[in-house]
Amino acid sequence: MSATVHGGIGQSLGRKEDARFIRGKGNYVDDIQLPGMLYLDFTRSPYAHAKITGIHPENALKIPGVLAVVTGKDLDAAKLAWMPTLMSDTQMVLPIDTVKFQGQEVVAVVAENRYAAADGAAAVDIDYDPLPVVTDPVKALQPDSPLVRPDKEKKSNHIWHWETGDKAGTDDLLKKSEVVVHQDLYIPRINVSSIETCGCVAQFDAMGRLTVWMTTQAPHAIRTVFALVAGLPEQSIRIISPDIGGGFGGKVPVYPGYVVAVVAALKTGHPVKWVETRMNNLMSSSFARDYHISADIGCTKDGKLTALKVKTIADHGYADAAANPSKFPAGLFHIITGSYPFQKAFVEVDGVYTNKPPGGIAYRCSFRVTEAAYSIERLIDEIARKVGMDPAEFRMKNFIPPEAFPFQSALGWTYDSGNYAGALKLAMKMIDYPALRREQAERRKKGEFMGIGISSFTEIVGAGPSHTFDILGIKMFESCEIRIHPTGKVMARFGTKAQGQGHETTYSQILATELGIPAENISIEEGDTDTAPYGLGTYASRSTPTAGAAAAVAARKIREKAQKIAAHLLEVSPDDIEWKDYKFQVKGVPEKSKTMADVAFAAYTNPAPGVEPGLEAVDYYDPPNMTYPFGSYICVVDIDKGTGQVKVRRFVAVDDCGTIINPMIVDGQIHGGLNMGLAPALYEQITYDENGNIRGNSFLDYLVPTSMESPHWETGKTTTPSPHHPIGAKGVGESPTVGAPAAIVNAVIDALSPLGVTNIDIPIYPWKVWQVLHDKGVT
Amino acid sequence: MASTAIPRLTSPLPIKGAARRIHVTINEVDFDMAVEDRTLLVHFLRDVLGLTGTHIGCDTTHCGACTVLLDGKPVKSCTVLAVQVDGRKIRTVEGLETGGKLHPVQDGFAAEHGLQCGFCTPGMMMTAVALLAKNPNPSEDEIRRAISGNLCRCTGYMNIVKAIQHAAKTQGGKS
Amino acid sequence: MKVEGQFQVAAAPAAVFGLFADPRRLLDCLDDPHTVDSVQGDQFGGTITTGVAFIRGTFRFTGQYTERTPGQSVTTKIRGSGLGSAVDATLHAGITPADSGASLAWAADIVLTGPAATLGERLVRTTIEKKAAAMFERARQQLEPAKPG
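Residue numbers (our numbering), protein chains in the order written: chain A, 543 to 1321; chain B, 419 to 593; chain C, 4 to 152.
Hints were generated in silico from the structure; no laboratory data involved. One should not assume that every hint holds.
[Claimed, not checked] Below, simulated DSSO-like cross-link-like pairs (lysine-lysine); rule was C-alpha separation at most 30 Å, straight line:
#1 K580(B) x K567(A)
#2 K552(B) x K1259(A)
#3 K558(A) x K580(B)
#4 K987(A) x K1310(A)
#5 K1125(A) x K1106(A)
#6 K507(B) x K567(A)
#7 K939(A) x K621(A)
#8 K580(B) x K971(A)
#9 K1134(A) x K1099(A)
#10 K519(B) x K558(A)
#11 K567(A) x K552(B)
#12 K552(B) x K971(A)
#13 K967(A) x K1259(A)
#14 K593(A) x K133(C)
[Claimed, not checked] Taking CB as the label site, the calculated pair distances span:
#15 P976(A) x T588(B): 38 to 48 Å
#16 G490(B) x P674(A): 50 to 60 Å
#17 L33(C) x P1296(A): 25 to 35 Å
#18 P674(A) x K133(C): 30 to 40 Å
#19 D974(A) x S557(B): 43 to 53 Å
#20 H441(B) x T1229(A): 42 to 52 Å
We put the CB at the ideal spot given by N, CA and C, even for glycine.
Isolated chain A (complex conformation) (with noise of 0.2 Å):
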């Protein structure tokens, strides 16, 4: 038997972090409560454009508690007034002269109290002259439309043009190909609605040093951008990230509620909390998606993807506040190519201003990944439809083989690793797929409406190597630090920041098995800027690629010196010892060994001459690739002719993220991921009306799925460790909430087709599916 270590890699170990949420001891924002507290809340604009023409607090500032308000103006005084957003554009703190969409921040109120702080919102006069309002992109880029931002040079609504890949080939092999789909996609306007929204508490102590607790997944990177923007000496600032509520990339932005609530501190001298409301955050935090496509995809006759071609229109409300990579505009979006080797492609993106929030950032998904799978998911089922085959057949004909890799996409990716029809192949046994189209030949003949969806997805996961991937400037490397004391038990600490992810049980795994000590004698810290070393944060999935391969090297640099001490302490030389059974044993002689706990006592009390006392190490890891994690998903649906309600009846999701380090925690991050796949398919969608109205300010309309509404998950494995990874993992998180909605829709779709329709822009609502039944005479 060979030699295990306690809650090491591949155990479902039992999550740390319960002991304290299971007893409501978490610590979160909100939950912090220092002495003189205040409350900061904001007056917003009902308007979605408009000048404002007067402000008057005097009301607010008669109710008692109401302590102070401030304005753009009071910000412009100290160059505050805007700030820059990740993606290099800028947006408003506060509005100096024009609100740029409706629930936007005009005016802060400071107050005793967060019931004061609301009645002073309230109070608050403001004078609008209301302007012309453009929600529509489309609309947006026509030479009448409104201008959203005249303070740009460049006086269009129209931010960037991006491109990639061969124009001309991609149209000439089109023209050539047997086979052409054109196809439309709509992917609508999110929000992530983590169930607690954003806050912060801004405290200044005597020495002029800021603490900030936050609701941030990226502490580091806020810091920096809080030292350019106020000019704050770095090390005066301190950012801790408490317990978080759900991220999902809501919490990458800097949002003007942070910015306000130092600023609050800076002139009360007393310590300023603010806490979003939930109509606050829907209307007002930036969201995800909202991408226009049209798509071409072309086949041999025989069913042999030839080439792709994709143009976007990306709506990114009044800023471009995405937090991507710098160099992509339109993040990773060119894996649109997905588990397909297309000879040619070509997409072409433009980022356009309209009357909303800031948009662009992620939903369990940044970088457009979602967007990308979505699309040529759905196209591959209608190209297969149009030649005539099976879907599942279709991609087992066109899947990249597994041989293959690495692989160079159409669009320069190179994979690191895959067997996509591995997965395809266990989710179709694990269903039945056979007897699924059989049931479905009988359901048809008696006129019901059953659908099976494939989605066979391919990720890209763990931003990023630095000659490619850096967010204003900073490369995207991740951290670990090690100290082990004494006794032989581990502190180590991330520059991530889990916000339910579970990091501090899978990285002390990482650890138990890399040095050898059970997990249980491992802490695991992040979070806190000032202990913390520098990293770009959790999000995007990319904490295990990076940082979990950090911690993996940082325990190896502790293993080579610790084997120098064992070699010490065994009274041999260093070359005489080996890595074995978790733990230093002499070559040939196992029953001499020493323990790493053995080796730590020592490294304090008798360590080997010429060797530094102690027992550290911090490892900055610059990934050399990304990771390309992928699965096949099958759903399958029935639709209630009489209403048109799609019923998801199974989903099973089939992943493989390489190495496993808990599957416990996997099949979780599965599950939501899944979940919040389901959502924006049927459910989530947020508009704006004429006026820029926003509809969906509540969860009574926007709809997070509940109970109810998710199905009973059925997940299955394969396992294709990364090539490059130190433990050959890759990230997990986001891939369900990528790869889920194409599989759900292609089995609506399929249920429909035999109608002629080859696609419902989602949500899915059952008006959009009973208005098809009812115009084709079903219903």
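Model the placement of chains B and C on the given structure of chain A, informed by the hints.
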């Protein structure tokens, strides 16, 4: 910045004119306190008593993060006024562990990975406690129906269902 | 959003006009608590405490008669703000003599923005129709002589 002089600060929710005394039992402890009429129960629990395990996730009674038991029944404490609980009994997540022993529902959530970020968890567990008190052996469908007023963004609900089944089993079908 | 309606009242057109041309008398027909703080020439201002769905609070408003044709018609522009929301409305009432009194055709063109518009989107129209119906019923009570018994 327009401002008034900054006075000495009072409690997080100062008692102003329209206040009244309430007597309430929270997690078996009696409180006799003055509260402002409009103070929400959730703010009374969190800001006045420091029981921050009960969370706030929305303003419209949809998310259920603030669920507590009022005389044994789950209620959303963001939509109950503190003055309404006068003379009644409240149980919050902090009251689940008794004598150093976790409640079976707490054990179930940890054992089955029924939580991730932990924010919806207290409210979700309180709803589960109330369900099991009424129905010691609920089916999956009954569990899903019972927790449908509690939103979770992380787990996809699967493991929450398993956690409640786990608790039902360890309770041995007794409430 | 356009809302309109018609009602008959057993009162002379001049009396109906008299009520609709006087902001204090007209607003007194509202069930919602309100104040009229100023009336100067064609302009008036005040507050209404009202709500739609769970958005409740006080609107501050200013109004201006853009047209008052004795015995025939009244047109008013109203702008208000409150509850984090704003309302811009044009109200028109046309009065014609009818069999046993007057017939009043009213129309409101309302632009509502902010949470009151969005949160209560599906409820706004019915709320306004309900409030208008109640207001006209009160107006009728004021205009028609109390029936004996």
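Hint check results:
no. : hint                           : result
1   : K580(B) x K567(A)              : 23 Å, holds
2   : K552(B) x K1259(A)             : 38 Å, violated
3   : K558(A) x K580(B)              : 19 Å, holds
4   : K987(A) x K1310(A)             : 24 Å, holds
5   : K1125(A) x K1106(A)            : 13 Å, holds
6   : K507(B) x K567(A)              : 22 Å, holds
7   : K939(A) x K621(A)              : 59 Å, violated
8   : K580(B) x K971(A)              : 25 Å, holds
9   : K1134(A) x K1099(A)            : 23 Å, holds
10  : K519(B) x K558(A)              : 18 Å, holds
11  : K567(A) x K552(B)              : 27 Å, holds
12  : K552(B) x K971(A)              : 40 Å, violated
13  : K967(A) x K1259(A)             : 11 Å, holds
14  : K593(A) x K133(C)              : 33 Å, violated
15  : P976(A) x T588(B): 38 to 48 Å  : 41 Å, holds
16  : G490(B) x P674(A): 50 to 60 Å  : 56 Å, holds
17  : L33(C) x P1296(A): 25 to 35 Å  : 57 Å, violated
18  : P674(A) x K133(C): 30 to 40 Å  : 32 Å, holds
19  : D974(A) x S557(B): 43 to 53 Å  : 25 Å, violated
20  : H441(B) x T1229(A): 42 to 52 Å : 48 Å, holds
Checked against the numbered hints given earlier, this structure breaks hints 2, 7, 12, 14, 17, 19; the rest are met.
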